[in-house]
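Line order of the protein sequences matches chains E and F.
When the first sequence is numbered by this note's numbering, its final residue is 630 and no position is left out of the sequence of numbers.
When the second sequence is numbered by this note's numbering, its final residue is 528 and no position is left out of the sequence of numbers.
Simulated from the structure, these hints should not be mistaken for laboratory data.
All figures in this text were calculated on a predicted structure; none of them were measured in a lab.
One thing to keep in mind: the hints can contain errors.
[Said to hold, decoys possible] Interface residues of chain E toward chain F, partial, derived using beta-carbon atoms under 8 Å: (1) G168; (2) Y192; (3) P247; (4) P251; (5) L368; (6) A371; (7) Y460; (8) P462; (9) T552; (10) T554; (11) L557; (12) G559; (13) R592.
[Stated by the list, open to error] Over the 10 Å line for every Cβ pair with chain E, so calculated as not near, a few chain F residues: (14) S55; (15) C73; (16) T202; (17) N238; (18) I242; (19) P246; (20) A251; (21) G289; (22) R352; (23) A485; (24) G508.
[Said to hold, decoys possible] If you want a taste of the chain F side facing chain E, the calculated C-beta under 7 Å gives, among others: (25) T137; (26) G270; (27) L330.
Ideal placement from N, C-alpha and C gives every residue a C-beta, glycine not left out.
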Amino acid sequence: MAWAQTQAPVALPPVDVPLPGAPPPPESPVQRDPTGLVTVIDVAGRSTETTTVGALVGEAPGITVQQSGGLGQSESLTLRGAASTGVLVLLDGIPINGVGGIADLSLVPLASVDRVEVLRGGAGARYGAGALGGVVNLVSRTSAVPSVTADVTGGSFGTVYGSSSAAGPALGGGGLVEVHAGHSDGDFTYTYDPLAGTPASHPQTLTRENNQATWAGGLTKAAWSVDGWQLGTLAQVTWLSRGLAGPVDAPSPDAHQDVYRLLTGARLSRGFASGADTTVRLDVRGDWSSLRGGFFGTGEDDRWWQATLSWDGSLPVGAHRLSASASVGLSLANAASAQPRWAVTSASVQDEWRLAGGTVAVVPSLRLDQAGPFVGLSPKLGALWSLPAGFALQANVGQSFRIPSFLELYIPTGTQLANPDLQPETATFVDGGASVSGGPGSLRVAGFAAQYRDLIVYEYQPPLASRPYNLGTSNAWGMELEGRLQPAPWFEVGGSYALLFTEDIRDIPAYFGKEVPYRPRHRGTARLAVGPEWLRLHATVRGQSSMWVNRTNTIALAGRVMLDAGVDVRILRHPSLTLSLWGTNLTGVEARDLDAYPLPGRALYATLSVRFGEPTPTAPPSSVVPEAIP
Amino acid sequence: MNRLRRAVVPLLLASGLAVLLPACLSSSDVNCSNATVRCGDTCVATQTDSKNCGSCGSACNQGNVCVGGSCVCPSGAVTCNGTCTFLAGDPNNCGACGNVCGAGNLCSGGSCFNCSGGDGGLLGECQLSLLAGCIATPNSGMREVTFDTTYTLTLSPVEAPGGATFPDALGFLGANVLYSDHDSASILEVPLSSLTQKSAETLPLTNPTTGSVAGTTQVLTEASGTGSRVYAMASSINTLRIFDSPLPPDAGSIALPGGGVGALGLVSSGGFAFDPGSFPEPFARLNDGTSNAVFVPLNVGDEVVRLDVTHPAAVAQVDSYDLTAAVASLPGGGKLADGGMYAASPTQAILRNGKVYVALNVLRYRPDFHADYGPGLVVVIDPSKTGAAAVTPLPLDPTECQNVEWVARVPASGGDQMLVSCSGARTYDANFNITSVDNSALVLLGPGDQRLAAWVPSLTAGASPPSVGRAIPIGSRVYVADETASRLYVVELVNNAFVERVGYLDGGTPPQLCDTFLIDLQPVPLLP
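Isolated chain E, as found in the complex (with noise of 0.2 Å):
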């Protein structure tokens, strides 16, 4: 069931297409920005390829990911050279970034997720403050037709979980419920040798310990239509606990954390046959993390409370489509040493303006965010040509801001104090792509450039703490390519590249002219799936170059390629039985992430899924490049 509308059923034709009839929700950055660089992957058809939701959103050009190394542990996220800090994280629209600013993929299920939607590039002026690399939005399960559903899953390092949903009519509407648990004992291995190149070198293997994670939790979604007014509420809960190994030079045998989250949200929204539209959404999201043991000694406690009330709606006037939102709401957190209340507020505008025929739309718009003391503009300018045989030019550029979070300001965690003097990073970007769409596939090749300005580093304080600053300045800039091709149902293939390309320009001649450190060069993935539906192989191979691991460019993390691959055998058709045999890093790659995390080596994983109901309707495809809004 759709989150924003119902829907009437579809006879889909056979060949692969998007979803018809089905429009993105308002939150969707396909619909809210109609000019962006927009990736979308499928997650709930390769539930079976990948344990994490980090891994496939990772596959978007400009993304990386960051690892603590280990299924539940701590995933994070940069885009186009903006920290993790500055990438917005939203499900279903919702900001799911954490009171210090950064968005743990880790606590978002593999099992929730429909798919990924990636808006690269400033998205300040549609999204708010916080977008400055880009804006990645999860859009959580959803089921066209009733259907009852079961997997579970179990695989290496002591891993096993599993997930069930019912889907179908309830209340006079639509409804989803979706379960899920699971654990994993993260206790793989790797190698450990702080002499290596040296005469004294003595390769050790040793098992990362205190590395385990449980999760549990569910999803609750449904939908009235009542006289024209679509009516939809959203529940997620979360819960994670999980031990925090540390870096293996230092390594904590007792840390733990445990997390709860709360999502809520209900929207009300119409279509009118004016072509005009009107959102009203009440979101409700709560946090609430426990930290324990090693640094931690008897433990910090935070909690993390949002309200939002906010409205979208949009208007056709003539050759131009004028949309506008506002919202207020409440952000309030409770730590032991800091109790911050602020009142948040916005208001946007944007005109999408369609010329020659209405190949050419240029789309200007501007928002205006208040959190607390803070207040900020994001202004920004698009333009999109659609060209005959499915090609399109699009370009960018605006800016973006991202206001300190409650962490930076008030909340000291153990060494790491706060800093209530802090003032907003800003973005500048520009961007611009080309791409083409239309029958077998897609291609895209895009170019970027952003400066990021008064960025927040934490400066060492000796003798024990550091302390954030306002102090960063770098220029990112580079190329993104992604293509899928798809000529017939049982073959597909896709993938994609980024280059990138970083300077620290912070005057500090140590650092100055150098590469912003955890920015790779170059990564890349590849897929290709062939087979007929009851008997599918896939593959993927993900790669990323070398990489700085601090600002004076002296030590480096190797680069990385790795294999996932498996096949999905369905058993039974009705209900439909489905075995899926795979595993991740088949070639037991060694690689370490972050500050001295290893990555596990060789998973194997099996899935047994069962569907009862009608057959699901054909995915989107990876990787596709949305069509031009007609």
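Place chain F on chain E using the hints.
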């Protein structure tokens, strides 16, 4: 209660009362204890106060101090031409009144040394400079601290080679600094003659499989055959790195980049990896023909390990010494009032008279990263014994000494004496700035490890409380780093007693070596 607290406490009480009860008391209501008299609005101990000696406003001058209400020369000093003089270190009265050493010469131990003529002095007294490593943003780097024969200190500007970030530790190979750079986790070779230059050779200290930075805490150079061997303790990645150079330890300055590459030719020859997370600290070196070992304190492990470093590529652990029993031997069994145990937390080891002396913090960290401190404790390890039998606790007076961070042998005593830096029980504010320090002192131990003397840094109103850090004895002087505010005090050992030469006494001010934090302080080698 030490002398400083006797002087300070009444002042603190007076100022505290003035803050708390301004409406209740006026100056006419100040009541002074039997040991003090009222001078203005304060209570003064006229028996010992050099500015009010015997009566209000009677100041002692010409080097006299106030004893029993009279101005007299300090113990060990004599009167030369009406001025109190220490004959051991006065270049104008060296060994006797009127014996002048001459321009550029040093007086030490009552003898004159011609330092400008290359006279190194009997015990290195002509070593006239220190090198301080500073962390600050900006202004990270090194600065040279030079001192003349009259205790006048001169500070050079803070400098660092291009591209360097702040230092973790400093060492030397001849006339070249081995600068352990933090961000690059590598050792840079910097000629002392030009601290802004470096050779093209860098020595990586990082863990290459993880990319972690080294967090070096010690760089030690020693002769090795006709060349040198350098030990670098990369504490954050739990490794001891060993490098060899064909150049001898007293090598001259390397050529500057403009005139050639210049390098010390250091190559990695091996090392040792400790257990992850054990955090090894500065070690003691024993090479007496029988043993070729280092004794390494493991801060997170409460033990000292003995490594045989005869073969750098095959360094082996040959013994370990558990320190928990030494902590348990303290009053109260090494426990806090709530039943929790102190951790030994060893921070440094030295070799003295054939034994290994280890400084112990003795503390328990609280969840907020502050700590509860136990009594001051040093342990003595006898290398001729093994395991627990080798360890002997050496407790110190807890009312005088807590949180031992450094120990140093006094070369001028032939090693018979040892200095113990008690950094004190500290409290911090929310930004981890030190707000108070209790029981911080520099303690002098004699040949039998008996306490001979203790010195508490002087303080003045408004100054942050000092915390005694690394002490560097040179001749009869000791240069003492303050860990609170990166100040440098100078004291002199006279007849087994401390005499403060540079501090807040007599209206002076100890120089501040670094804008933010003093990370290392090393004596600059005296070269032929």
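Status of each hint after checking the structure:
1. G168: violated (50 Å)
2. Y192: holds (7 Å)
3. P247: holds (7 Å)
4. P251: This interface hint holds because 5 Å falls under the 8 Å limit.
5. L368: violated (34 Å)
6. A371: violated (24 Å)
7. Y460: Hint holds; E:Y460 Cβ to chain F Cβ min 7 Å, cut 8 Å.
8. P462: holds (4 Å)
9. T552: Holds: closest Cβ of chain F sits about 5 Å from E:T552, inside 8 Å.
10. T554: This interface hint holds because 4 Å falls under the 8 Å limit.
11. L557: holds (5 Å)
12. G559: Since the shortest Cβ distance to chain F is 13 Å, the answer is violated.
13. R592: holds (6 Å)
14. S55: The claim stands: F:S55 keeps its Cβ more than 10 Å from every Cβ of chain E (closest is about 45 Å).
15. C73: At about 40 Å from chain E, F:C73 clears the 10 Å cut-off, so the statement holds.
16. T202: violated (8 Å)
17. N238: violated (6 Å)
18. I242: violated (8 Å)
19. P246: The assertion about F:P246 holds, with a minimum of 17 Å to chain E.
20. A251: holds (23 Å)
21. G289: holds (24 Å)
22. R352: The claim stands: F:R352 keeps its Cβ more than 10 Å from every Cβ of chain E (closest is about 27 Å).
23. A485: Non-interface label stands for F:A485: nearest chain E Cβ at 12 Å, farther than 10 Å.
24. G508: holds (26 Å)
25. T137: holds (6 Å)
26. G270: holds (4 Å)
27. L330: Nearest chain E Cβ about 23 Å off; hint violated.
Of the numbered hints listed earlier, those contradicted by the structure are 1, 5, 6, 12, 16, 17, 18, 27.
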